Structures are given as C-alpha cells and as structure tokens.
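Based on the sequences and whatever the hints tell you, model everything.
There are 2 protein chains.
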Amino acid sequence: MILHHMPMSAPCRFVRLLLAEYGVEAQLHEERPWERRPEFLAMNPAGTIPVLVAEAGVPLSGAHPIAEYLDETRGVMARERRLMPDYPLERAEVRRLVDWFIVKLEADVTRALVRERIDKLAMPAELGGGAPDSGAMRAARANIRQHLRYLNWLAGTRDWLGAPSISAADIAAGAAVSILDYMGEIDWSGVPQARDWYTRMKSRPSFRPLLADRVRGLTPVSHYADLDF
Amino acid sequence: MILHHMPMSAPCRFVRLLLAEYGVEAQLHEERPWERRPEFLAMNPAGTIPVLVAEAGVPLSGAHPIAEYLDETRGVMARERRLMPDYPLERAEVRRLVDWFIVKLEADVTRALVRERIDKLAMPAELGGGAPDSGAMRAARANIRQHLRYLNWLAGTRDWLGAPSISAADIAAGAAVSILDYMGEIDWSGVPQARDWYTRMKSRPSFRPLLADRVRGLTPVSHYADLDF
Chain A
1 MILHHMPMSA
11 PCRFVRLLLA
21 EYGVEAQLHE
31 ERPWERRPEF
41 LAMNPAGTIP
51 VLVAEAGVPL
61 SGAHPIAEYL
71 DETRGVMARE
81 RRLMPDYPLE
91 RAEVRRLVDW
101 FIVKLEADVT
111 RALVRERIDK
121 LAMPAELGGG
131 APDSGAMRAA
141 RANIRQHLRY
151 LNWLAGTRDW
161 LGAPSISAAD
171 IAAGAAVSIL
181 DYMGEIDWSG
191 VPQARDWYTR
201 MKSRPSFRPL
211 LADRVRGLTP
221 VSHYADLDF
Chain B
1 MILHHMPMSA
11 PCRFVRLLLA
21 EYGVEAQLHE
31 ERPWERRPEF
41 LAMNPAGTIP
51 VLVAEAGVPL
61 SGAHPIAEYL
71 DETRGVMARE
81 RRLMPDYPLE
91 RAEVRRLVDW
101 FIVKLEADVT
111 RALVRERIDK
121 LAMPAELGGG
131 APDSGAMRAA
141 RANIRQHLRY
151 LNWLAGTRDW
161 LGAPSISAAD
171 IAAGAAVSIL
181 DYMGEIDWSG
191 VPQARDWYTR
201 MKSRPSFRPL
211 LADRVRGLTP
221 VSHYADLDF
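Residue numbers (UniProt numbering), protein chains in the order written: chain A, 1 to 229; chain B, 1 to 229.
These aren't lab readings, by the way, just hints derived from the structure by calculation.
Computed from a predicted model, the values in this text were never measured in an experiment.
Yeah, the Cβ is synthetic: ideal placement off N, Cα and C, and Gly gets one too.
Just so you know, not all the hints are guaranteed correct.
To be verified - Not the full set, but computed from the structure, chain B residues with beta-carbon under 10 angstroms of chain A:
| id | residue |
| --- | --- |
| 1 | M1 |
| 2 | N44 |
| 3 | L60 |
| 4 | S61 |
| 5 | G62 |
| 6 | D187 |
Now the structure itself:
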C-alpha cells in the first residue's frame, strides 16, 4: 500500500495510526495538495489527502472511507484489537467522535493553524504562501480551550474516549492533538484527564513514527516526543 | 424514531431519503441549529443537524454515523434493496461519493446558498439574519458548474453514481441536488446525463415528501416537483 499524505495533517495521521495499529505496512508519499498534480487529481478529483492506494492499485480517498475500509478488511480480523465496537449504537458514538476530531476540530482549529504556521512556509507566494494571517490564527486559537475542555470531560468520564476499550475515536483524537501539541498550541495545565489520556496514547508503538516527524521551519515544542511530559 | 432536521439541509435530506428507502417511519422535528437550544446541545454537543433519536432514545449525530447505523441495522436486512455494495473497495467508492456530495459540494456550494437565501430569512438579526451576502452567493455559484459537470460525467459513465445498482451515493447526490434545484440554482441544459439520472431519482417514492417541502420566503423553481422536467 502507498499512503499519499502530509505529516502535519490530522486526517493523514489518523490513517497512519490505524495502519500501524493493524500492523499494515504502507509506503509514505508526501503530497502537497496545493500543487494539484494531475496524477494525484486523477486518483482523487477532490485533490485532498489522505489517499491510500490499496489492493489492486485502487486509490481510496478520504479519512472516513479509508478508516471504514481498514475496519472491514483488517479490523474484523483483529478480534480484541479491533478499533470499532461490535454494536451499532456504540459504533455510531465512535464515528461521531471521529468526525468531531477529524472534521470539526480540524475546521475549528487545526487546519487554520497548520496552514498559517507550517504550510505557508512551503507554499510559493502565488499559491498562497507567505506570512501567516494573525487574524486566522487568533480565531482558531479562540476555539482550542473549549475543545480541550470537552476532551478532558470525555477522558474523565470514560476509560477511553468512545468506547470501553481503545477505538478509532482515540486514534482520531490522538492524531489531531499530536499536531496541535507539536506546534505548542496546547496548554496542558488544567486538563489533567486529557493529559493522562494523551500520555497513554503517546506511549503506543503506533505513535513512534509520528513523534519522530519534523517539518521545515517549525521545531516541535520541547515535550513533544517526551512520553512523560 | 425522531429526526431533528431542517428541510433545506442536504445531510438531513440524505437521512430522510435513507429512512424512506428502508421503510423506516420517523417523526420529523424542525431544529434551527442557530438557536442552540440547550436540550438539543445535550443530544449533540456539536449543535449540528441531523440528529436521529434511535432505539432506546439514544441520539445519533451526523449524517455519516446515521447512514452507517442504518446500513448496519436496516441495510443488511434489505438484501437487493441495500444501499451499500457488498465489497470493501466498492463500499469505499460509495463513501467517497457520499462525502463528495454531503461534505464537499455542501462546503463549496450548498451551505452558503441555503444560508444566504433561506436561513437568513428565518434568523433574527443578532444571530446573523438579514440581507443575503452577494459575495458569498457569487463564490458559491462559481463552483456549481464544475460540480454539475462531474455529476454529468459520473451519470454518463455508470448506471448509477457509485455502484452498479442504486446506492447511498445516489441518495446523497439526490439530497444535495434537490435543494439546489428548489432554489433554481441548476442550469440543466448541457448536462443531459445528470438530468436523466435526476429524473430517475425524483420519481422514486422516497422523494415524494421532499418534493412537497416548501420553505417560507422562497417558492421553488416551477419544475421542482415536476417528474418530467
């Protein structure tokens, strides 16, 4: 399998973690979506990442179709390591939280901060590169506190975020939180349950490659790869 | 079951059509998300529609979790009327297209036009109501043509949009297209395959309640409910 991704994309990290949790080897290819490569658009007309080239060379586009595909082809065989619960109502709750972290947190916070602080350094000026827009960053940062409070509440009332055992909801949340943490955007004081939960997530072997990621122009916050932060 | 919805929301129409296709009776409750009713936020902290109150009074939030839940609890028993194909790669293609129409077309076109032309008539001024923003409408309309061309291409190269038989991809596309058509935003000339496909969709019994919908302040285009338009 080949995964077309960017290291600081939450939907892409979500897929990388799922692959690692299920022990699926995939070759990583960095795809800058703003370049709109014709070969990439032929695989995914939406022009978005992640795209996973799966069995038979068929490209699968989007975090949600890819996650369901991995559950159907890998999860069902993983038994107690499956990242989706068995019952439809519980599965709906896991999917709600996956959407929360991969779609809503992404739209409210993560996408704007990554674009302004990381992607714009790599983009040519004519495609939107250049100095960060401080208004966009301020708007995104204004939403972080409420999201952290919700994460803290979830982590404090349940063993894992979406189900009695670890599920795709934790993987999605870990993917998004790890990017915000890299950028030093998370104030961990005052959210001890969220912090405990993230400590457990970080120490999973699937997280190791993510904690080794570095992007040009922005070094991670000092505790980023520290398992006991 | 109770569906909290708005008549001119594509994700909500998607769920109404799925329920009707599977013969599930649901009571409809109109929920104006901008009012942020505490009872509604308690069901779905994201504050978004649709929310389906399912078995045992458990609220399911979001078009994607609801659609998967209906597939798991109704679709699997519907045999050849199931709206998801049997094979994982085909299922991934259907989900990609559901995302296309319910997430991407929604973000590129539908949400802005519904907000400016319909929702703002019902919103109090302090919550964003008032005159439509012509810049936002222009930006949305600039994206319609390309979406219609893609729909026409899909309809022209396949019997149905996502799979050899009708699937959730057609239901999602029909949901979104019906709203744009209500508002008279679709120029059907030059996209004959899309038109043929939509004629077939419109004549399904599941569509009847949608074609009878009317919203305050905007009468539908004359051919909206016409099965042979």
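Problem set entry | Indices of hints not satisfied (ascending) | 1, 6
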